[in-house]
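From first to last, the protein sequence lines stand for chains A and B.
At position 149 of the first sequence (counting the first as 1) the number is 149 in my numbering, and the numbers step up by one without a gap.
At position 757 of the second sequence (counting the first as 1) the number is 1757 in my numbering, and the numbers step up by one without a gap.
If you are wondering where the hints come from, they were derived from the structure by calculation, not from laboratory data.
Everything numeric in this text was worked out from a predicted model, so none of it was measured.
C-beta atoms are modelled at their ideal positions from N, C-alpha and C, and glycine is treated no differently.
One or more hints might be untrue.
Partner residues aside, some chain B positions facing chain A, computed with beta carbon under 7 Å [to be verified]: (1) SER1024; (2) VAL1028; (3) ASP1037; (4) HIS1039; (5) CYS1240; (6) LEU1242; (7) TYR1682; (8) LEU1719; (9) SER1720; (10) LEU1725.
DSSO-like mimics (lysine-lysine), calculated; alpha carbons at most 30 Å apart, straight line [unchecked claim]: (11) A:LYS139 x B:LYS1017; (12) B:LYS1661 x A:LYS208; (13) B:LYS1111 x A:LYS57; (14) A:LYS139 x B:LYS1033; (15) B:LYS1344 x B:LYS1422; (16) B:LYS1660 x A:LYS208; (17) B:LYS1057 x B:LYS1278.
Derived CB-CB ranges, DEER-like [unchecked claim]: (18) B:LEU1778 x A:THR177: 22 to 32 Å; (19) B:PHE1713 x A:PRO178: 24 to 34 Å; (20) A:GLN200 x B:LYS1057: 49 to 59 Å; (21) A:THR177 x B:ARG1018: 22 to 32 Å; (22) A:ASP149 x B:PRO1774: 35 to 45 Å; (23) B:ARG1040 x A:SER72: 16 to 26 Å.
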Amino acid sequence: MHEDDSTLNGTKNQSDSGVSRRDFLKISGISAAVPLVVAPTTVLAAGKELPVQGPGKVAMEFAINGKKQKASLEPRVTLLDALRDEFEITGPKRVCDRAECGACTVLMDNRPVYSCSVLAIEAQRKMITTVESLMQNGKLHPVQQAFVDNDASQCGFCTPGFVVACKAFLDNHSHPTPEDIRRGLSGNLCRCGTYHGIQQVIAQMAQKGA
Amino acid sequence: MPDYAWPDAEHRTLIGKRVTRVDSPAKVSGQGKYTYDVHRPDMLYGKVLRSPYAHAKLVSVDTSAAEKIPGVKAVHVVQKQGATIHWAGDDIVAVAAVDEPTAEDAIRAIKVEYQQLPHLVSDAEPPPGAAQEQGPLSIDDVWDMLDNQVPNQQMVSQIQQYGVTAKPADKDLEEMKSEGASDAVLDALRSATVHPGAGTQTKSNYQKAAAQTLGDPDKGFAEAEVVSEGLYGIPVITHCCLESHGSISEWTDQDHVFTHISTQNVSGIPGQMAEPLKIPATNIHVHQDHIGGGFGSKFSPDRWGIFTAEISKKAGGKPVRVMLERDSELKVAGARPSAYARVKVGAKKDGTLVAWQSDSWGTGGPGGGGMPPIPYVFTIPNQRKQHTAIRNNIGPARAWRAPNHPQAAVLTMCALDDLASKLNMDPVEFFGKNLDIAKPRQQIYREELAIASDLMGWRQKWHPRSQNAPQGVVRGVGLSFHTWGGRGHSSDCDLTLHPDGSVDLKMGSQDLGTGTRTCILMVAADTLGVPLETINLQIGDTQYPPSGGSGGSTTIGGVSSSTRRAAVDARDGLFAKVAPALNAQPDQLECVNGTVRVKGDSSKSLSWKEACSKLGAMPFTVRGQNPDRSKPPDLSNSGVGGVQMAEVEVDSETGIVKVKKMVAVQDCGLVVNLKTAESQCYGALIMGISYALFEEKIMDPSTGRMLNADMEFYRLAGLSDIPELVVHMMTGKGYDERGVIGLGEPPVISPGAAVSNAVANAIGVRVPFLPLTPDRVLTALGQKAGA
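Next up, chain B with everything else stripped away, as it sits in the complex:
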């Protein structure tokens, strides 16, 4: 059995080192092509008319004037007459024209009549007694969920939990299938419990999403010597990808589509487009070189991706480009669900946590949403918690880096930090004392907490919260813990050795800017003992072996594992061909520094090129896979721990918060590229500062529209908001041998909680909700003064 295991530190030439990203030169010179940059011959420009109303019925659509405008090539009504619109900005009509200005003119010429319906865009605390159980689902409810892009898993669980009002007709099921409903959803509908006559009741916006108990919470609180109660929250924010969502589709013949799309999921796109376009997935060719940000919001072709292809068909197959405008990108193409909670948490006088109680709520738009995993990281022995999901008209939610974890971190770590303050304990001591219930990574956290404290200078900087009103500019420090899974996804690749020594590596994966290309090359080059440049890597196309979507920090584990297996098999195949020429057995050979040689005998050596010439006339291709139980060991692993600390400065006169320093100490098993791994952490800290201080999707209760759908009022952190950042990756013994684990999500989880805790330490009072804007800080200070 070939040895697929990762080489130990002494035998790694590239893995674990700092290697400069291979696609940087293309990016810094403007040569890297994003979907938005692709210019296809005779390309038409698509624009979309969007609903101005958050909740409305579509009464009529008149596109006749638009159709007559010279240069307009196709008009496509996206929503049927009578359809219910559930959020402002939803697509109504799409047009394609010879240029963007003409397409805009056409959009302006379309007349739409709406019947407005009452909307809800608030995610404020549900009024007492408002939470209601969801009744059985009508067939219209199911259609609504499909239209509203409710995730499959959530649909299935709702159908199973609540049943349906009537048995769905075969015709309905067929139609749903053709509109993209998954088999799992259809199966759930077929086997759902039928509750006849229940379809007439009006549904509540409030839905009991979870009610859980662990241990004996009443006994726990009775035993608690100190109890802290508080209100905490984190709002809906957007993904704000700089490259907006969108695609260019063209029909290369009657039944073949070629799509350039901005996606985190190249290999997974054809399967999602096939049903609605009524062609087999194999007829859909998808390509992407670079993507300008995804952060969890770009896994699906989206409704606009489908209708881009549909308009292209109407326009004789010409390429049609639809990229969302900035306001639409912020309104409809990505939202992280909010989470708020009233938390009560109790401990013994020595700080030992004994009981947790939380009433939480939040919104994920029309789909509602679930409870974040609270209490986070620390499994407090006695718990009572319930969660209300608010279904409203703010637009659909999408996965945002580490779904539900930043929310869980804020709700948990802020509550625990307040308890530490009430106990008069230094949070480092308090959290450290409770690490025994942070299983199974307590040892990792312990090591990280010590390192983070040193790097922050915590001992010198931490002070008990002052009881007095702060004067002038005050400083404070705070911390938070986080965890994530991150096991490698399924990933296939083909590695080809050519007799001239060149190497092809093909994989249907994508590089989100995380450094995936560089990491794949490092693994292959390290294994084959050749320079990175020897290998011609091609990714981002459905003509290459399928590799999973880049979500949940699963990419690095997947692509590094399949690449390693392919490279080991290719290397061993080469050894078999080369061994006779070196008078050796294949298992006596090694690949080092561009040579194939006998281990321990450098006189018996061939250059890489000479060695490959022994392959004969034909190139030699091997397929690498992950997972692959036939080729152990499992090269990837799951479960990381991280600790972050923040130091802030708060101006108690203006309420302005400035982050002065952040420390991230992070484990992710075996680090493939230390340089890009650190960049992930720096980037996550910066994104975290951004959502801690600035970001919020603000909805207007009267119009139901997003008020800040631009980049002036939807504020992202800028260069001048960035403090001293310190990143420490846990590597070496105890970490490397765990295998490769993903890093995209973990470091972005803690910043919100760490910054909030630092502000509480600085001003002596909790600012309950992120973002920590000056008005919220001043309000909290005012309440402290009034208390």
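Just chain A, same shape as in the assembly:
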């Protein structure tokens, strides 16, 4: 899960302006001193006029589980909090809130990300997929069904994140080696100890050539 610098300013156009990380930090410093304003203002950075968003609420638009969603959010709001508090999509959970446990895992353009560590403003124009959309027409996704069959959830709080992580992992590793599994699924933590069931999920799905 790497950080995509091109999304720091929210839109593709702005990212094409070639603003370096250092310039961005300068801009942040400036914007923090800007008093609360309604309309976007601009600052001069690297010789260019750039719009500053926030710190007040900004109109945003998302593509979540195949649906267009709009919200007015402060730029500091994370994708996770936007999903949960604005759109009541509560499958992704906030546990560690700093990219350590994976309970908030969602797909962003089909790549698993920790939604607690992605700003909502950065997630615009990306395809966001949460655990809620894996079930189709009331039928569980094969990975979900394997979780059920192998009793791979107990309290279930880590489960939605784990299901999404396993699906993404299996999409990219149809015949994973034990080393692949160690590396690919170490980003999600469980407290009840359901890893044994999850290992069986992976083994079963890999056998099926998922």
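With chain A fixed as given, assemble chain B onto it according to the hints.
Showing chain B alone in chain A's frame:
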């Protein structure tokens, strides 16, 4: 008298089988709603300002700037000016705002002045002569204990043991009652011995918590032919529930509260909120669908649960949500007491245990804590033991799966394993030889030890400890024994048969992820001869009959027993209505495969639906209870035994320990659902590996704060830390007929001791304290080399 007894194996259609958990689809699809997921209309978000200091006096609180922030709806000062703060992270002020960012802004705008006081966060061995008797308690001490969430039982015993410095005034008692003091505590205060003038002495952090003798320890050690001495310990760890503690409360009118709360104790919450909110318990409605982990830390509404309702009142009754942040969850919402001991244990040359001596200590935070039950499982005939409780500023302790037993297992099984090594005995032989003093479950242990040895391949893997320094990667095996009670708690349920054949089952219990829902349905469906889907089970609400808190492995015995009694009574009630239609007597009928039929005559049969239509126009409800002496037999029982073995690989260059295989052999009487029972054991082994290798609440002695209050440095085991796991449940003759016994605690008790013993076997020297981190392993190896 109806036959409530569990059906025998031939007549069970579901009980004892592997049944898939009924709430899994909701959990894997993100549809299961936890308290954290509940989104009430107009809900406000609460945040809490917490003390940065481990020990301080609250000098002043200024909330004026916070109150002026747009979007802030209520500010509530939790601790009075002048209050003493006893741990870092304690709640000072709570705010509610329209969204979380605004609430955070408000918290930052609050100004608090503290007067710092000296703190102690260490649980190191008490310095010689430091242990002091606790003096009589002042009224302030009692208030401190109430504030510090010291368990009722412990408060009562301290008041009775030490007395008070002055007779408490009625006004004090009334105020304590209104702040949630239990009647038992108030009674103890009223009848306490008064020691006037004793209130001025400064109290020690060290408190003699126990001093016990059994048999004749001096004679025992004189008779011992081999004596082993060692130091062992297990640190404070946290519960680290993935769903943090918290609740959402709202006032539905002037004097009614609706609370969603993450709890192990749905039915028990209103009684704990009523006094502080000054409304009757009956006016408090509590609901919970799913809980994201409790492990013993979620029985009380907690101070933050109470003030969530208080802030809601200030905000005009709007729903207010307070869920702890991750750092607070680790700092204040759950800690397992530590335990350390210098142990001396002696045996005859043939391995027969004769004498035990232990000087133990540990901390449970401000409340101190008690002595673990050592020596564990093995009642060594001659014993001398004393325990010092350290009262310090690390935050309050809470029950953690099998309170005091993982500690007892480490202190005992590691000491005995070292003695076995000194005797040059294989631990399987040594422990096996002493099973006669592991009463009353010696026979269970004997069977389990043999099965575990086979499953582990112990005979091939065990080797005597090497006297030489290990080279490269080395392997070893270790084992441990454990026990637990687990009798069913009190539990009521209502089972309703409807004339259309549908069935309601309502119970105020909760499913912690142990599979409680599935087990309740299995018992009811097995008894009524219908598929699970026929029964509409509702749990997790105070509108349903009360069922006990899910602690101490008491849930399965309680809910299965009350469900069985209700289902038998409902079935027999149905038989009475149906019998005339089948030209039979009620006692000639049976429920099988969705039919009600005459035993041994399948031609005389009605479908379940046809049978229920004979009930008439009205549904038919029966109440099931546990315990219920009027409806014998007792369907639950107490007392289980388990044996676990671990195989580890230790890199003697880096000190890294990897668990390669674990075996759990476990008895819990009659298993209701074999699939979820096995999952409990797998989960417990994994949690055990986690605390054996990684977990420790690390306190900074200079600031008094927890240093690793996040999930990067408070490490939990991950998928890649999990080895081959083998679980064997003891079932069948000798086990099933004991009745249903709880399983939540037992399998999590032994892993720490088993892994520690395996490491000692691998590297030839004891690593005294858990977690078995690389630095500790290397230190132990260094001391071995230097010795």
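Quick rundown of the hints versus the structure:
no.	hint	result
1	SER1024	holds, 4 Å
2	VAL1028	holds, 4 Å
3	ASP1037	holds, 4 Å
4	HIS1039	holds, 5 Å
5	CYS1240	holds, 6 Å
6	LEU1242	holds, 4 Å
7	TYR1682	holds, 4 Å
8	LEU1719	holds, 5 Å
9	SER1720	holds, 4 Å
10	LEU1725	holds, 5 Å
11	A:LYS139 x B:LYS1017	holds, 26 Å
12	B:LYS1661 x A:LYS208	holds, 27 Å
13	B:LYS1111 x A:LYS57	holds, 27 Å
14	A:LYS139 x B:LYS1033	holds, 19 Å
15	B:LYS1344 x B:LYS1422	holds, 13 Å
16	B:LYS1660 x A:LYS208	holds, 27 Å
17	B:LYS1057 x B:LYS1278	holds, 28 Å
18	B:LEU1778 x A:THR177: 22 to 32 Å	holds, 31 Å
19	B:PHE1713 x A:PRO178: 24 to 34 Å	holds, 27 Å
20	A:GLN200 x B:LYS1057: 49 to 59 Å	holds, 55 Å
21	A:THR177 x B:ARG1018: 22 to 32 Å	holds, 30 Å
22	A:ASP149 x B:PRO1774: 35 to 45 Å	holds, 38 Å
23	B:ARG1040 x A:SER72: 16 to 26 Å	holds, 21 Å
Consistency with the previously given hints is maintained throughout, with no hint failing.
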